[in-house]
Amino acid sequence: MGQFPLHKNRIITEIEAKNITRVEELAYDLKVREVMTPNPVVMTLDMKMEEVLEQFRQLRISGAPILANDRLIGIISIEDLIRCLIKSDLQSKLMAYMTRDPFIVKGGDPVVEALKMFVNTKVGRLPVVDEEGKLIGILTKGDITLGILNALQRDYQTEEVRRYRASHLFEDIESQRTSLILRYNIKAGDFIHGGDASSKIKRALTRMGALPQIARRVGIATYEAEMNLIIHTTDGGVIRTEIEPEQISIDIFDYGPGIKDVELAMRPGYSTATEKVRELGFGAGMGLVNISRCVDTMKLESVWGKGTRLRMKISLQKQDTVGEGYPAKTQEKNK
Amino acid sequence: MIVKELIQLIDGKVLNKSVDLSHTVVGCGGADLMSDVLASVQSEAVLITGLCNPQVVRTALMADLTAIILVRGKQPPDETIDLAETEGIPLILTPHGMFEVCGRLYRAGLESLELSISNGDCSTG
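These protein sequences, in sequence, are chains A and B. At position 19 of the first sequence the residue is numbered 19 (the working numbering), and the sequence of numbers has no breaks. Numbers given in the working numbering equal positions in the second sequence, counted from 1, plus 1000.
Don't take each hint at face value.
[Stated by the list, open to error] Here are the computed distance ranges between Cβ atoms for each label pair:
hint : chain 1 : residue 1 : chain 2 : residue 2 : range
1    : B       : Thr1024   : A       : Asp172    : 33 to 39 angstroms
2    : A       : Leu169    : B       : Gly1103   : 46 to 52 angstroms
3    : B       : Ile1002   : A       : Arg154    : 23 to 29 angstroms
4    : B       : Leu1009   : A       : Pro268    : 32 to 38 angstroms
5    : B       : Pro1095   : A       : Leu53     : 54 to 60 angstroms
6    : B       : Leu1009   : A       : Val161    : 38 to 44 angstroms
7    : A       : Gln58     : B       : Leu1009   : 33 to 39 angstroms
8    : A       : Phe103    : B       : Glu1100   : 41 to 47 angstroms
9    : B       : Glu1100   : A       : Val119    : 41 to 47 angstroms
10   : B       : Leu1009   : A       : Leu169    : 42 to 48 angstroms
11   : B       : Thr1024   : A       : Asn185    : 38 to 44 angstroms
Read the hints as simulated data drawn from the structure, not as lab findings. Even for Gly, the Cβ is constructed at its ideal location relative to N, Cα and C.
Isolated chain A, as found in the complex (with noise of 0.2 angstroms):
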């Protein structure tokens, strides 16, 4: 979290959650210039309360920098008018009435030192100046709600331009069967990363538009599949995925050792793994039974000495795929 209550003041509630977090990046990433008013309405220190009564109402403003020889010296808001209105003392000079000496940011600073400062000094808008210290703008927080939301906006529609062109692929290319393929190498032991192929899947699936269940069915199953590989390969292997507007099909290969009992090891609860591996959280022996849980139709195939073949398949056409029991499943697949 970041050091500012922007969640508190709800100005991004609505925005799509996963956006949040990059509204913190933005308050460092832009710059108070990029999201301040520039060419501020400006008033004179030989100004009568009045005539600052009147500047506000017209331009619908709150506040305003005071200038005197070009130089920044005080501010004036809203709330000094109401204590003028109520001493009834509108004929007075604004110098009575206006703060000297305002709070500044800087041109060039991030947004979130204007929000920290907001938040320390309860001031409603801040004198923005350049490096020289001449005034070349005002700053509220509503600035800084809409440049975020301006910037949001511009990733978002880059996000879109990216899942527009991912979901368009297969109705752009014309053949008689289009696929894509997708390959990753795998190193044997790599626990550190084991589970990156898997991610990338997802989110390529993701962003070509598959249901969120059926993201979630293929993330489970690679990921399952993928730890195995890393667990027990001595050589390395490689997750290949195809996708294709029908189906997805997931062939995950080593080379070697190999499994010496493929029954056995589809068994629920067998296993083979090392203290290490456990202590990881896998190697409990459920990480087939799980695979065969998650996709339509699986095949193991391994060869002790060279390797093992682990193919799968899920079915985007029917929905009615979802959630097979595994009990029948399994059974199918021992025959």
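With chain A held as given, fit chain B onto it using these hints.
Leaving out everything else, chain B in the frame of chain A:
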């Protein structure tokens, strides 16, 4: 309840540098075995676990979970925190044990998002 309120209930600490804590929490699942999580914890659940390696974050991503609670104050390795940061999933450390955390959250009205295995459905969205 949102993630932020859940954190208060368990005296938790967020380990991510910046992450969204405004997601609504409806329920939880607890397990130390990642295959159990993948098999029986439904999407949107908060995972309560004693494991703290990067696979916990991967598992949460695959299963579309909302947040991860690490029990018994076990400080995870940097790889775990880095991955949670990149993937934007809240990683919460609590000094309390598994039973205590489950109890507090259950009493606060969160439901169990664990499926019994005989249901056999790993894709409940």
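Now the hints, each set against the structure:
Hint check: Thr1024 (chain B) to Asp172 (chain A), Cβ distance near 38 angstroms, so the stated range 33 to 39 angstroms holds. Taking 46 to 52 angstroms as the suggested C-beta distance range, the pair Leu169 (chain A) and Gly1103 (chain B) conforms, at roughly 49 angstroms. Remark: the range hint 23 to 29 angstroms for Ile1002 (chain B) to Arg154 (chain A) is upheld by a beta-carbon distance near 28 angstroms. In this structure the supplied range 32 to 38 angstroms holds for Leu1009 (chain B) paired with Pro268 (chain A), their Cβ-Cβ distance being about 35 angstroms.
In this structure, Pro1095 (chain B) and Leu53 (chain A) meet the distance hint of 54 to 60 angstroms, their C-beta atoms being roughly 57 angstroms apart. At about 41 angstroms, the CB distance of Leu1009 (chain B) to Val161 (chain A) agrees with the hint of 38 to 44 angstroms. Range check, Gln58 (chain A) to Leu1009 (chain B): Cβ separation about 52 angstroms, and the 33 to 39 angstroms hint is violated. At roughly 46 angstroms, the beta carbons of Phe103 (chain A) and Glu1100 (chain B) sit within the given window of 41 to 47 angstroms.
Separation of Glu1100 (chain B) from Val119 (chain A) is about 34 angstroms and departs from the stated range, judged on CB atoms against 41 to 47 angstroms. Between Leu1009 (chain B) and Leu169 (chain A) the C-beta distance comes to about 45 angstroms, which sits within the given range of 42 to 48 angstroms. Roughly 40 angstroms separates the CB atoms of Thr1024 (chain B) and Asn185 (chain A), a value that falls within the hinted 38 to 44 angstroms.
Against the hints set out earlier in the document, violations occur for numbers 7 and 9.
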